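If you want the building blocks of each chain, they are given just below.
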Amino acid sequence: MNIIRLMALMRKESLQIVRDPAAIAIAFVLPVLLLILFSTAISLDIKQIPIALVQKSTSTRAASLAAAFTGTKYFKVTVVRNKKVVVDPLIANEINGFVEIPGDFDQKLASGDIDGLIHIVTDASQPNTAAFVSNYARMVVSTWVASHVSGLAASPVAITSRVWFNPDVESKNFLVPGAIGIVMTMIGTLLTALVIAREWERGSMEALLSTPARSAEILVGKMLPYFILGLITTLFAAGLAQWVFNVPMRGSWFALLSLSAAFLLPALAQGLLISTLAKNQFIASVLALLSAFLPAFLLSGFLFEIDSMPTVIQWFTALLAVKYYIIGLQTVFIAGDVWSLFLPNIGFMLLIGAVMMFLAKLKTPTRLE
Amino acid sequence: MTSETVVELSEVTKRFGSVQAVAGVSASIPAGRLIGLVGPDGAGKTTLMRIMAGLILPASGRAVVVGHDSADDNESLADDIGYMPQQFGLYEDLTVQENLQLYADLRGVARKKQAETFATLLRLTRLAKFTGRLAGRLSGGMKQKLGLACALMARPKLLLLDEPSVGVDPVSRQDLWAMVEDLLKGGMAVVWATSYLDEAERCSSVFLLSEGKVLYSGAPKKLTDRLEGRSFLLRGIVTQRRKLLADLMEQTFISDAVVHGESIRVVLHEGRSPEELGKLATSLGGKIEAVPPRFEDAFIDLLGGSSSRRSRIAEKMPEVTGSETNIIACDHLTKKFGNFTATDNVSFAVGRGEIFGLLGPNGAGKSTTFKMLCGLLSITEGSATVGGHELLNASKKAKLSLGYMAQKFSLYGLLSVKQNLDFFAGVYGLSGKVKKERIAEVIDAFSLGPFLNSDPAKLSLGYRQRLALACAIMHRPPVLFLDEPTSGVDPITRREFWSHINGFVSKGMTVMVTTHFMEEAEYCDRIGLMYAAKIIALDTPDALKKGAQQGPEEPTMEEAFIHLIKQQEEQQI
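Chains V and R supply the protein sequences, listed in that same order.
To convert, note that position 245 of the first sequence is 244 in numbering that gives the first Met the number 0; the numbers rise steadily by one, no gaps.
To convert, note that position 56 of the second sequence is 55 in numbering that gives the first Met the number 0; the numbers rise steadily by one, no gaps.
Rather than coming from a laboratory, the hints here were simulated on the basis of the structure.
Simulated pairs of lysine-lysine, DSBU-like, Cα-Cα distance not exceeding 35 Å:
1) V:Lys-278 with R:Lys-212
2) R:Lys-156 with V:Lys-278
3) V:Lys-360 with R:Lys-156
4) V:Lys-278 with R:Lys-417
5) V:Lys-362 with R:Lys-212
6) R:Lys-370 with V:Lys-278
7) R:Lys-370 with R:Lys-545
8) R:Lys-156 with V:Lys-362
9) V:Lys-278 with R:Lys-457
As the structure is a prediction and not an experimental result, all values here were calculated from the model.
Work out the full structure, taking the sequences as your base and the hints as a guide.
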């Protein structure tokens, strides 16, 4: 490794990054866009689901239960007297379900038939929402029964639930750190794969290989500038998340940078590996999107919980460096410095990175074929 | 020092898939000499260059370069060679200075010596004024000079230049030659790959490659000398010289004949006396004049003489008739891309049955002018008519009256040869019986029969060219546009191609052609010289050459071109 040659290659690469609008866009514009998207537009929180309440009984008790429904924070209730009028809005997707308080409500209540007290109909074309409507409607009923019907199912112990770490259960607090993981995947894998493929396309790789520069120097000279760019983007995106989008960060900057640095190794190695397989930009970008961007989006636990994936897929996610990174990022932001979690995750990322690096080095040409 | 051998190739072979790129080449290259690697496209020049640069390993045989076996260690080999690939190897988003700096560091030029080295190189390349400019914004010639500067940064023992003069204007080409000659004095060996035969004549020794084999090695002069007393110019026959050319090619004593301005250049077969030709000339009212042989004459002769005959397809074509005299006309034609003016105030007219050439270096605005006339680019200012149709308001009609052969073959790689013919016939509005007839006609005339189900991309360049031409003329257009039709094509194929063009023209078709190839310009009736978006001269090839004549000898087309460009630049000052 010759320091002068390495420095020359790094300076060249850095100049190219600064002059390449695409690199700047991915490093600094993409984070802004993703953060806006995930902190405002996309939300996994459930609020104000529209449902209808078919109130067939006119008794005071039935009216009291109806009031319990209209008073909840999660339902937007329209009260009607006749079941027929709710069918059309249900089909038209204007409501997500309806709750029917039957005419013999008082009798059922008197006989203690709590389960059959009301009918719940939900629109299962949106299964998650349907399950929520059904569960939450049951909860409303049991709460009402507990407080209004003495001697019936009044539970001896009052259950209160508390949510730790993310008390408002705001989805942006864990989506935004995940978005940073996506940006880093783009910088690490997509950008490096593209710039090396570009050198092949433009023929400058041929000229580089014919100089005394060793292949290790060419590789390191390529990767280090992108490594530094990745860390700068981490700081930029995390600052943006904290101070512009009001996502609290409870952990330290040191932990954040350590995780990012560890993640960049496998991400860059993957980019290198792709570029050794595909020597044109189009194929390189498709490979990078399929092998890095999509898994980062779908299988990293960023949007979908890994625990609810099929077992085989869960095993597969263990091979994804981005999974360890996003868990780490979410922890840094929401919980704080939990080194007992970070250290093994950093270890896994470095291990995956080392394997990929080995493969990339094995495949890196010192000749044209 | 000069007796030292820099490169020793022994029985080197290399195959890519089914293509034998290099088929057993042995060569020895001494220090301090300029060696030409000459041959048509696909002859194996680039592969051989890459083998010498250690970038490709030969499948069999040995390549010893500057004392290193290329199979052992291409990294220590790299210390001793400079290599300029066809695509320059420059970083277009770095400035001239930054490119120099990068390659100086990579090639281990000591920091203390760098300033001095850069100053020398910038003076030689005349790029000193442009150090802060991005390499991507340089002209083709400037890029090539910068690429050369980067390759010879550390004064290597061997300098490999792969087609360094492609797309370079004649003025920059002179600079390149001057730089190389300077290096040779220092004892460096330079290998210059080229498909231009006029460049081969300047090398001290050449390797003539064809299909991966060396056909000739030695001094170019020795090969040319074999032709002494066999090259003639047939002068004084102004009318119908293209028809005469076809007649000449059928004479058994003639090895090769091409149009040369207003004359015809003829090469006799070995052992035939010039008397037969002299008689023929007298009977036609002309005379013959012995001329010194050119390398191209020798090249054709070495390959067994020109094989092109009368164009069968042209004979089947009906005479093009019509009343307009100016088939193509443009008036103050201008095209701007943003701030950049690609074509600046160009006016000319082309008559029926004329071959009009637009000549100029890459980036001079030839293709832009051309594309406007074909209706492929909108016109910023001025007006143009093709076949009597105004391009601005009747571009559909104008398009139907022309055939267009693009610079890069616009054939569909996923369609077979037959399907391409079907497609283009359909696109140009042929159908039914006529379509069938025309397709059968071109298949027969261009001998495409055996390849009907092949993928066009797998055909040789010569056959791809035939197919592209076939697709452009099936609808029998009165006007034919050819954009760099024979770039990279060997002289044999080029002659065959022109035998068709000559045939079409004698039937009254009008042909407009762009070329950066000076030799091809001689085939045209009139030439417009384009330089920096303007037409700087417009006349017959002979008149252009005469106008630039300074000594007793008639200048070549290239010398005339350089003269005109310099004149133009002086006027601007």
